[in-house]
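Student: Each chain is listed here by its residues.
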Amino acid sequence: MLSEGHILPLSKPVVGVSGRTGAWRIQRPVFDASKCVKCRLCWLYCPDSVIDLNEAGGDFISIDYDYCKGCGVCVSVCPTKALLMKPEG
Amino acid sequence: MLSEGHILPLSKPVVGVSGRTGAWRIQRPVFDASKCVKCRLCWLYCPDSVIDLNEAGGDFISIDYDYCKGCGVCVSVCPTKALLMKPEG
Amino acid sequence: MPISIKDLPKEKYVLPGDTACPGCPENMGLRFVGMALGGKVILVIPAGCTSIIQGLAPGSGLNFPILNVPFASSDAVAAGLSAAKKILGEDAVVVAWAGDGGTADIGFATLSGSAERNDNIIHICVDNEAYMNTGIQRSSQTPLGAWTTTTVGGKKERKKDLPLIMLMHRIPYVATASVAYPIDFIEKLRKASTIRGFKYIHLHSPCPVGWRFDPMYTVTVAKLAVETGMWILFESEDSKVSISPSSRPYLDKSKRKPVKEYLSMQGRFRNVTDEVLKEIERQVDENWSTLLKLAA
Amino acid sequence: MPISIKDLPKEKYVLPGDTACPGCPENMGLRFVGMALGGKVILVIPAGCTSIIQGLAPGSGLNFPILNVPFASSDAVAAGLSAAKKILGEDAVVVAWAGDGGTADIGFATLSGSAERNDNIIHICVDNEAYMNTGIQRSSQTPLGAWTTTTVGGKKERKKDLPLIMLMHRIPYVATASVAYPIDFIEKLRKASTIRGFKYIHLHSPCPVGWRFDPMYTVTVAKLAVETGMWILFESEDSKVSISPSSRPYLDKSKRKPVKEYLSMQGRFRNVTDEVLKEIERQVDENWSTLLKLAA
Amino acid sequence: MVYDEITEIRFHGRGGQGAVTAANILVGAALKAGFYGQAIPFFGAERRGAPVVAYARISKLPIRTRSAVRTPSVVVVLDRRLSELVDVLEGLKVGGTVLVNSPEAPDMRGAFRVCYVDAVKIALRHNLVLSGWVLVNTPITGALAKIIELPIEAVEETIKELIGGGLGELNAAAARESFEGVRCVE
Amino acid sequence: MVYDEITEIRFHGRGGQGAVTAANILVGAALKAGFYGQAIPFFGAERRGAPVVAYARISKLPIRTRSAVRTPSVVVVLDRRLSELVDVLEGLKVGGTVLVNSPEAPDMRGAFRVCYVDAVKIALRHNLVLSGWVLVNTPITGALAKIIELPIEAVEETIKELIGGGLGELNAAAARESFEGVRCVE
Amino acid sequence: MVLKTLTGNYAVATAVKLARVKVVATYPITPQTTIVEKLAEMVETGELDAEMIRVESEYSAMAAVYGAASGGVRAFTATSSHGLLYMHEMLWWVAGSRMPLVMAVVTRSIGPPWNIWTDHSDIMGQRDAGWLITFSENSQETLDETLKLFRITEDERVYLPGIVTLDAFIMSHTSEPVDIPDQSLVDAFLPPRKQPYVFKAGDPIVMGNMPRDLKWNMMVREDMCRAMERAKRVIEEADELWGKLTGRKHGGLTDCYRCEDAKHFIVGMGAWTGDMRDAVDHLRDRFGLKVGLIKVRYFRPFPSEDLIKWLNNAMSVVVFDRSVSPGAEGPLYIETVSSLASSGVRSPVKNVLAGLAGVDLAPADISNVMLASVEEVEELGAFKQRVTWFYGGE
Amino acid sequence: MVLKTLTGNYAVATAVKLARVKVVATYPITPQTTIVEKLAEMVETGELDAEMIRVESEYSAMAAVYGAASGGVRAFTATSSHGLLYMHEMLWWVAGSRMPLVMAVVTRSIGPPWNIWTDHSDIMGQRDAGWLITFSENSQETLDETLKLFRITEDERVYLPGIVTLDAFIMSHTSEPVDIPDQSLVDAFLPPRKQPYVFKAGDPIVMGNMPRDLKWNMMVREDMCRAMERAKRVIEEADELWGKLTGRKHGGLTDCYRCEDAKHFIVGMGAWTGDMRDAVDHLRDRFGLKVGLIKVRYFRPFPSEDLIKWLNNAMSVVVFDRSVSPGAEGPLYIETVSSLASSGVRSPVKNVLAGLAGVDLAPADISNVMLASVEEVEELGAFKQRVTWFYGGE
Ligand SMILES: Cc1ncc(C[n+]2csc(CCOP(=O)(O)OP(=O)(O)O)c2C)c(N)n1
Ligand SMILES: Cc1ncc(C[n+]2csc(CCOP(=O)(O)OP(=O)(O)O)c2C)c(N)n1
Ligand code: SF4
Ligand code: SF4
Ligand code: SF4
Ligand code: SF4
Ligand code: SF4
Ligand code: SF4
Ligand SMILES: [Mg+2]
Ligand SMILES: [Mg+2]
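Chains as they are written, first to last, in numbering that gives the first Met the number 0: chain Z, 0 to 88; chain C, 0 to 88; chain R, 0 to 295; chain U, 0 to 295; chain G, 0 to 185; chain S, 0 to 185; chain A, 0 to 393; chain P, 0 to 393.
For the record, the hints were derived by calculation from the structure and aren't laboratory data.
Note that CB positions come from ideal geometry on N, CA and C, so glycine has one too.
Don't take each hint at face value.
If you want the footprint, here are the derived chain A segments under chain P, 3+ residues with CB under 8 Å [said to hold, decoys possible]:
# : region
1 : 110-119
2 : 195-209
3 : 328-336
Using the sequences plus the hints, can you model the full thing?
Tutor: See the structure below:
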């Protein structure tokens, strides 16, 4: 970062600092809206902030597969199996 | 200390490393053998190891005035006032 | 009034695409800090996994003001920063976010000194029970029997009981927390942020990489630690100790799941003998009993 | 079998004419170490008054093998030395002899780390409740209300309770002692020397220079600390806490002398207000109650 | 130039897949075959599943340089999907070779040779699976030996020394199978 | 030599007796009188009752040297008994002065002037006693002013600034008394 | 302006007060202790409106003032010897962060054996860390330079931390008259604090995470070097301005005493440059020798240009070092020789290692060394021995 | 003798085992960690009969091995970068105690920003502490030199601790063939431990209390310098003997590559001296330039005599530094120039600051620098610029 002519060891927040981490996935979480009870636990626990809640309508949750690392935590905390892991292509 | 041709930061124990510390005294402890009950507390507590016990006979304690700093601890712990502080000359 | 998940803020303080491993408990913890304190916080972070999680400059995967600092220095830096904010009359919650190594080992004199001075900061120990960032070496927080690369036959010593040690520092606030119990953690963080002086929160953070379990089970393992009584959630305000609701059931020993269940989920305990298992069980009882004495 | 004064060895480990101030409690303590362990001991000594007490090279006023070491390093050096002696099959009791500063402040991570590893050494904290060697600055061991050159209005914080903190380290042996109770101290030292692992002894050491009393009263003041309940003599073997005989009478609060008596003998407490006095009294009660809980 | 006479190899893999081990096996095998070698891990934060690289150098003479491998003559791709993420061909020497773990000829074109081997199939056949991962790193060194003309025996021996026991045998067998199974499109 | 034109003074006292304060008062007074000065404590482990020294330099020109005072022209002895312990005359310049706190002329002979003042008596008369110590350090600066020809007013003022209140007044008065009471044997 | 008798340590404390420092964190160590004590007293009595953090070590002292400075306020610490060594890691971090900050270092020997007397090993061992380092000669210069350092380190051309040193006891504890500038004058001299970035809640800047591009990281280092270069000018300017305001100029990176027509030179730094002035006068006035003194005021940035300028035609140069790098020579000597050689200056240079461990050196000792050196060079055109250990005295 | 593929770190661990070290105390830090892990494993499996103290910091690591060594056994630790900085105070103490002890330092950048790649700032910042410091070029030299250091440091003419360095990743983690000597051969090479004093119960020696006579204390320092001087010979002898036993000689303080008829010289140390050899061959074989490489193997004691000998008639010298002292230049450059100047050697010397923060430098980069330098000097007889920053690459 340049500040008044200096080169300083500074950074700024940015989405995807490590690239498209979705590519790290070996398995992907798949959402089944019909089973979702809107408990929000998946959103709460997802370590990577890639689950968004759509309070307004539509699928209650959406997963940003560009960055979802496929850890499976959301699947493990989902009380209704509305989320399941599937192998990546 | 010279060791095989080296100059090393080593020392050896010696009595009077700080000179004749008896000269630091402003007051001196004076012993009155007649009051002594041989409890040894003065010997036990004297911080400077300058009280010796004469278990064999004679005055039960002797004070090495060359090094006694005149702190007065012996006087304070003596249960019988066999030790008293007197101003130095 | 208990917090409900629904009311938690949605702003992202951990940004998608950061450099945490899949299933990382530190990432989770950081998200909870964001949910609890949001834009009020300034993080001071010593060396550890969170240094890496941030990703590479000039970018950062964490959306907080972050001062990265040398390994042993976090609480002293935080104390200085907090003093500056006080003098400038600025509102800020200064948080030292340090691993178990940065907290309990190399940085322990710094922590203890800051606690004794009662500096106005929150120290969060994100405890994954080893030096993960350098590749899983034992720390004082590694439990008895656990494999690490420097204890290949299992650690011989017991986990140093940092929460109790901090309790004996008689600081205004001490609490334990777990990534499996975010609401509890968030409540504790919010409470801590309203108290002046030194606040210590010890966050149990199972690490799939170092503990050798599938990243899917970070929350599961963390929960088991509480359910087996291996990890006790409590808090202490002004030295008044109380067991937190999520741990309360386990006051009753018979309610606790077997320790073995917890150990067997983790590769690092693979070679634990029956003898060591017994000793661990004994320690669990002892920990409860000590804590309960102090809570009495 | 209790030790009698008569049976104590007469050999001098503190030599007449050393550089201690008149009435120095550290000199006393060193003499007791000599009486207890004699020629078996190797001392590791960080910066502090005892560095000076030794006098100037090439002489030494102390008749022990002494490795002087940097301020924060004593327990780690002692651990290494002890390991070497073990490997060489030599008998030696390696003792880290450190002031309250070297123990509880700058050196605390080193101490805590060594305790957690259970290194086979004895750590003695010779506690004169301030940095005396640099001219009476506050340490974490300075009590509430005490004047030092860096707390000219009286210290605002409480004395960090190191014995309890070390107790929470769950090491094989923890004890408190006082220069006024040499037999108790010597017994504890001898017991410690027979136990393998980390042993911690905290020696209360009133300093006439720093506490502002006539050097004649070093023992008197030390005794008053115990008699008022300000200093509690106890020991803990394998985490089993017991109050030592000399402190037992003061379990009964009514037997304790008034704290004020202790404070008023010392110039450093001259400006203590009634409010602070009350708080000190409250802390005395609290300390007893915490300790008794743990002893229960 | 002396430093041109070295065969430089780059491995592309994923965190957890063992690209570094592959490089080490190769260098060990080279040593047995009378060559000098150097295995260089790229060190960074290795996360499970994230793209990683490792390097190796093989030479008849002692290798003195320690600078980065910038223009490899062989690129080994342990996971085909990586080529969508990173430019696996970056710096590849004209006339060099890219070896891909793939059941069929990968769709790559340029002034280089493309080789492939179905390391997954081979690994599965030998039961080389560990906590969800198919272990292709060891098998593929066999194919690589073929390409850079190292005796497969050296590779087998190295693997067995490194891994030991029945698992070593399996890995060695897989390596030989991949040595034999590698195909190149010129 | 420039560095010869400086008056160098050495104070002998005991730990707790305030030799350094005496040096500081002197230098403060010199400043008021239009001179430059330097007060140098000997620093070591100062133990109550143990012999200590302090130094001062006074000069018309700024003082630049910071080396040890090796050959003082004045030696001040705060406690007569010290002369049995240390060589208080060490390095004293030929023609210099030794000033001793003593009720009568001390028994010293040599190529120097011997002066004395009964600082104890003066101090006691002004009630200058603190925890067993008779405070002679301040009073004796008056006698020293006489010897090195500093105006006593400068000393009095400095003392009052330093100590303040009634105690300052007492000390200043004692200093004046010792200024007037000092006697020299030529 | 008030003339007062102050020790070097109190001169430091006075400067800190005048600079309106907001956070102080220090840990006691002889002989820095009276700085700590004085500041603690000032804070307690309200004479100084600042937070005092009574840290548990020097490592934390540096960490705490670093945190405070990062938060946007002027901060100060002081230490010595082992304390300085104990904060070594933090020194590098602070400089690499480009965080303006001022520290006083009372130079003292390093053990073993324990030794509290002056020796420059402690500060010389930190010369790579990226801090400005200045040596002072007396209490006045200590006070003035401490104040100037705040201005210099906070100059946007610099943005590096700075150390003012004073030698143990012969400066730290020696009282002498000092002109204390008025607060208003200091306020006019010291602009409000500037710094490259400030940590605030709600402003997510991140300091210090790993670099993607190592070359960028190397440029961060190069930029520190450039800042050091620019600091040379900033130091001169500060001296000019201070001179204008107070009538006192101490020099820029160096101060040359009776150099104009000098043929033989003493090079030195710290307290004994006062003694060296006496020696120069003595050698000139008594022996008619054309001797000059180059007092190195700033060791970082190193005053290569000044040395080259002054020593260009020197017949001989004697560099006095108060520390040594075992396996090499004295650091001042090494860098002086290297600077001169890089510009083709070929004067014979000799290294006198003296005053280590607090050994006293009198003006007469210095004169004697110079007399012998001049004789040797005039006879041989060179020095027989590059490096000599000199113990002085009888 | 067995030929095995080893990383630099495993070469260190192997040497420690062969030296029959009795106490190891280490704290993990990237990229030293695999040394710690290997040794921990060796101890746990009984392959190495030693006590492993799993300390809580580098400060304690150095303290613990110091304690062990003082107790009379061979002791070892290893660290890197911030870890090395964190034990700074202890380094001085150990050397001042004259306690033989060996440490491996994996050279790594200092933050901020955090950076794990090689850079010599960490080790260069310790050059005054009184330790022998050697740089190695490959795993073989790392192993050999670690073993030799035990012999050298325990030689009664030396009695100083020593550091062997290896550069981060490009050495520490790079595997390559290494000849592992037989235990019997090592036993023949390494005599039983000698040291100046040993702490034992019942033998009341006291180490380190304050000195009565400051001159004696200064002599203690001077004696360290003398020991460094004597170490030069001891280092040569160790190389001779090792050469006799194994057929491998790496050189004494320096190693000169194709120097005999060289007119232009590269001076460097550490891992990239391998690349420099490639560059030398390239420049000679392709361009016919008479270039030689002086590899500085020991930075402490500094090889002044060797440099003077080899560079006496050099037409040009380019010193590559992998670190810089902000406000001055690269340490290797500074000391090279100073050494040459002290002996009147007047070859033009240039400082190339490169490879800091782990920036990669290829043989081609080095060749390019040399081509330009030689051209410049041949044209002008001197260098236009003393110091340049060079980032290499495209
Ligand atoms: C002084 C110093 N020593 C060692 C290191 C190397 N180091 C960096 S992170 C780390 C371990 C961190 O462990 P912990 O604090 O538990 O955090 P985690 O990585 O587990 O999150 C170590 C040893 C360092 N950066 N600085
Ligand atoms: C790193 C370091 N910091 C500071 C000091 C200065 N120092 C020496 S002794 C001491 C105080 C010691 O206090 P304590 O440990 O309580 O021992 P005491 O003098 O009271 O016996 C200090 C601050 C030092 N020697 N090293
Ligand atoms: S798999 Fe992991 S990263 Fe992906 S959405 Fe689920 S919890 Fe988040
Ligand atoms: S955890 Fe399952 S049920 Fe709950 S919100 Fe997510 S998908 Fe729906
Ligand atoms: S006065 Fe003090 S030193 Fe003297 S004998 Fe009594 S106790 Fe010992
Ligand atoms: S303390 Fe008193 S009674 Fe007891 S032995 Fe000494 S002098 Fe005798
Ligand atoms: S090692 Fe563990 S704590 Fe560290 S980033 Fe990976 S998952 Fe998180
Ligand atoms: S200051 Fe106190 S503890 Fe230190 S030597 Fe003097 S009396 Fe003993
Ligand atoms: Mg951790
Ligand atoms: Mg103390």
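Student: For every hint, state whether the structure bears it out.
Tutor: Hint-by-hint comparison with the structure:
Restraint check on the region 110-119 of chain A versus chain P: 7 residues with Cβ-Cβ distances below 8 Å, three needed, restraint holds. Counting residues of the region 195-209 of chain A whose beta-carbon sits less than 8 Å from any beta-carbon of chain P gives 4, enough to reach three: the coverage restraint holds. Residues of the region 328-336 of chain A with a Cβ under 8 Å from some Cβ of chain P number 6, which satisfies the need for three, so the listed coverage holds.
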